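For any residue, its number in our numbering is found by taking its place in the sequence shown, counting from 1, and adding 11.
There's no promise every hint is true.
[To be verified] Think about it this way: if two alpha-carbon atoms lie no more than 27 Å apart in a straight line, the pair counts; the simulated DSSO-like pairs of lysine-lysine are:
#1 Lys511 x Lys431
#2 Lys417 x Lys512
#3 Lys431 x Lys398
#4 Lys310 x Lys325
#5 Lys338 x Lys325
#6 Lys398 x Lys421
#7 Lys398 x Lys452
#8 Lys420 x Lys35
#9 Lys417 x Lys376
#10 Lys325 x Lys339
#11 Lys431 x Lys329
[Claimed, not checked] Label pairs and their calculated CB-CB ranges:
#12 Asn499 x Lys339: 19 to 25 Å
#13 Thr577 x His101: 40 to 46 Å
#14 Leu520 x Glu49: 44 to 50 Å
#15 Ser290 x Ala56: 40 to 46 Å
#16 Lys433 x His495: 41 to 47 Å
#17 Glu42 x Lys433: 30 to 36 Å
#18 Ser290 x Thr90: 38 to 44 Å
#19 Lys512 x Lys456: 23 to 29 Å
Rather than coming from a laboratory, the hints here were simulated on the basis of the structure.
Because the structure is a prediction, the values reported are computed rather than measured.
In this text, a Cβ means the ideal position worked out from N, Cα and C, and glycines have one as well.
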Amino acid sequence: MALVITIIMLWSNPGASSTCAPKKVMVVYSESSKVFLEFKRDVSARIPSNNLQFIHSSMLNNKQTVINDDVVYVAVGQTALQSVIKYQPHAPTLSVFNSYDYFNQIDDITNQPVSAIYIDPEPKKLIRLAHFFFPQGVKLLVLQTRGGTNYENSMGSTLPKGITSIQYEYINNKKEITRALSNIDEADVILALPDKDIYDTETLKSILLQSYRRGKVIIGYNPGMVKAGALSTIHYTPQIIGSEVESWLNEYCEYNETVPRSRYPRDFNIAINEQVARSMEIPLQNNEDIKKKIIAYIKKDISLVLHSSFRNNKTEKKINNIIKGIKKKNEQYGIKTISLSATDAKVPKLLEHNKLANVIAFGSKAFNRMAATSNDFFAVYIGSYNKAAITTPGIIYTASPNMQFKQLKKVLKNSNNRVKIKRIHVVYNENKSSWLIEQAKKSAKRHQLTLITYPSSSIKETAQHYEKLIATLTSADSIWLLNHTSKNILKLIVRASWKKKIPVFSNRLSDVEAGILFAAYPDLILTGTRLASIEKNRNNRLTPLLDLNYALNTRTATHLGIPVSTVLDDYKTTYPMHITE
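All chains should be built: construct the whole structure from the sequences, respecting the hints.
Here's what the structure looks like:
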């Protein structure tokens with residue numbers, strides 16, 4: 012399947028990536044197999060030893076086993092997952108080395124904070140694998156049990172590029188496999204998808220024999236099938252699963268301790284039966300080179316960029332940097348650009364007629380145009396806050412509160428004045444920022460800070476809040492400039508902060524230039540890379556900007572007793588400004 016990402020850019024100017032980890036990660040296992048030991052070594056190299064513990068599943072119900080509440084579980088295999096669900100039902104849990112079919116048939120996890128990294132290959136990637144071997148077009152036959160996983164529904168009605176047809180044959184039991192294979196002559200490839208009621212040692216031999224006699228190949232779903240006689244498959248090493256665990260834990264932390272959605276691993280390896288390939292006259296050169304080409308082909312994405320005419324060079328640079336980040340995530344990305352007027356009404360039709368898999372919409376106008384279509388593509392959004400896009404995965408163009416609070420504590424840590432911040436004050440627009448304030452409250456608590464909020468609906472009310480606030484500020488206070496403020500209000504805040512030595516921070520470079528301590532601003536290339544990483548079945552929530560750079564006003568820092576030389580490495584931009592006292 013050719014994964015197509017359409018990027019619509021109707022940019023509206025909105026008003027170094029960092030990772031984190033839970034305090035304790037407990038890996039639960041039931042057997043010390045070779046695969047588990049490889050996985051254990053990999054995870055141990057990724058997570059600090061004081062944050063990581065391995066425990067046998069039988070110990071979870073042992074009364075002598077002391078387990079703190081602040082624990083994230085990684086359950087390895089079926090037995091371990093069942094033990095965690097039974098004895099720690101409300102704990103955030105990641106299931107690994109379990110199949111999509113097994114995990115989604117567990118009734119007890121519906122309302123629990125549990126998700127999975129599936130061990131079986133993603134069906135859509137297997138389709139791309141089949142197309143690699145038959146680039147002129149391929150007809151697929153899929154056998155599946157009635158009442159089992161409905162792959163036909165999950166595939167969707169739109170045929171992937173290069174796939175001539177997909178025929179689904181439903182059977183009630185293994186005795187009907189021979190009948191189902193009577194249609195094999197109409198297909199080029201049998202696409203074997205996980206189904207324990209169809210594929211076992213005996214039935215696989217029969218299916219392989221019948222397909223081989225008729226000159227057909229099988230794309231399998233594990234390396235064992237390839238060894239038995241299937242042409243090829245996708246599979247995951249323990250190191251790939253370890254990398255996914257690390258990514259999942261970072262997402263869990265970054266998204267305010269919310270369990271990410273279940274998903275398939277992004278990276279994968281390829282297994283090929285060279286003997287089968289030769290017998291079917293499928294040309295293979297160097298085996299490892301072919302595998303690299305297949306992986307690149309399966310990952311290959313074509314991005315169609317739709318954008319309004321650039322208003323200025325600054326906007327054009329922003330968009331180009333984000334595209335660089337998208338390409339950086341996967342060098343196989345192809346970017347096509349189509350310029351549209353801001354009032355072009357043809358966008359919905361253009362989207363509907365291109366059989367798109369994914370769309371990244373830049374800005375509210377672009378999102379609204381995209382939402383007007385009846386297509387079933389996967390949508391990703393980036394722009395200012397938009398209520399209509401609240402259920403769409405993507406990025407809101409506002410710096411993460413968690414990252415800013417972390418930076419505040421870090422820059423003040425070495426202050427000569429021993430500044431000890433206990434409270435952060437923020438005046439915010441109720442209509443635009445209420446969603447962010449809820450996240451900020453959780454983040455402040457995590458950093459042992461109290462967030463004091465002042466909702467405002469007008470410039471006048473904002474000014475009144477700041478006048479009252481400034482009169483009561485102490486050395487334990489800090490101000491977070493969340494929404495854009497007028498020049499007069501900003502001057503008032505800067506003068507007060509200078510006089511009382513109060514640290515002020517925001518997400519606008521111009522505020523640092525005016526005299527506040529520091530500001531967070533987006534690393535657009537890394538933001539593009541993050542956009543390219545958002546996939547279907549992954550995290551489906553809007554998040555603030557997580558890939559940030561920081562700017563520092565060195566004169567303000569010095570005034571607050573911060574040794575500038577010790578913190579400069581954390582700041583990409585500095586502003587030595589003259590401030591009138």
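Checked hints:
1. For the hint linking Lys511 to Lys431, the alpha-carbon distance of about 14 Å falls within 27 Å, and the restraint holds.
2. About 19 Å separates the Cα atoms of Lys417 and Lys512, which keeps this hinted pair within 27 Å; it holds.
3. Of the pairs offered as hints, the one joining Lys431 and Lys398 is violated, with about 37 Å between alpha carbons and a cut-off of 27 Å exceeded.
4. Straight-line distance between C-alpha atoms of Lys310 and Lys325 comes to about 31 Å, which puts the hinted pair past the 27 Å bound.
5. A C-alpha spacing of about 20 Å is found between Lys338 and Lys325, which places the hinted pair at or below 27 Å, so the restraint holds.
6. About 34 Å separates the Cα atoms of Lys398 and Lys421, which puts this hinted pair outside 27 Å; it is violated.
7. Among the hinted pairs, Lys398 with Lys452 is consistent with the structure: their alpha-carbon atoms are about 20 Å apart, no more than 27 Å.
8. Distance check on the hinted pair: Lys420 and Lys35 sit about 22 Å apart at the alpha-carbon level, within 27 Å; holds.
9. Proximity of Lys417 to Lys376 is assessed by CA-CA distance (about 33 Å); at most 27 Å being required, the pair is judged violated.
10. Distance restraint check for Lys325 and Lys339: the Cα-Cα separation of roughly 21 Å lies within the 27 Å cut-off, and the hinted pair is therefore satisfied.
11. Taken as a hint, the Lys431 and Lys329 pair is broken in the structure, with Cα atoms around 37 Å apart against an allowance of 27 Å.
12. At roughly 42 Å, the beta carbons of Asn499 and Lys339 sit outside the given window of 19 to 25 Å.
13. Our hint of 40 to 46 Å for Thr577 and His101 holds, since their Cβ atoms are close to 43 Å apart.
14. Separation of Leu520 from Glu49 is about 46 Å and conforms to the stated range, judged on CB atoms against 44 to 50 Å.
15. At about 41 Å, the CB distance of Ser290 to Ala56 agrees with the hint of 40 to 46 Å.
16. Between Lys433 and His495 the Cβ separation comes to about 27 Å, which falls outside the hinted range of 41 to 47 Å.
17. For Glu42 and Lys433, the hinted distance range of 30 to 36 Å is not satisfied, since their beta carbons lie about 49 Å from each other.
18. Between Ser290 and Thr90 the beta carbon distance is about 40 Å. The supplied range of 38 to 44 Å therefore holds.
19. Taking the beta carbon of each, Lys512 and Lys456 are about 25 Å apart, inside 23 to 29 Å as hinted.
Violated hints, in rising order: 3, 4, 6, 9, 11, 12, 16 and 17; the structure is consistent with all others.
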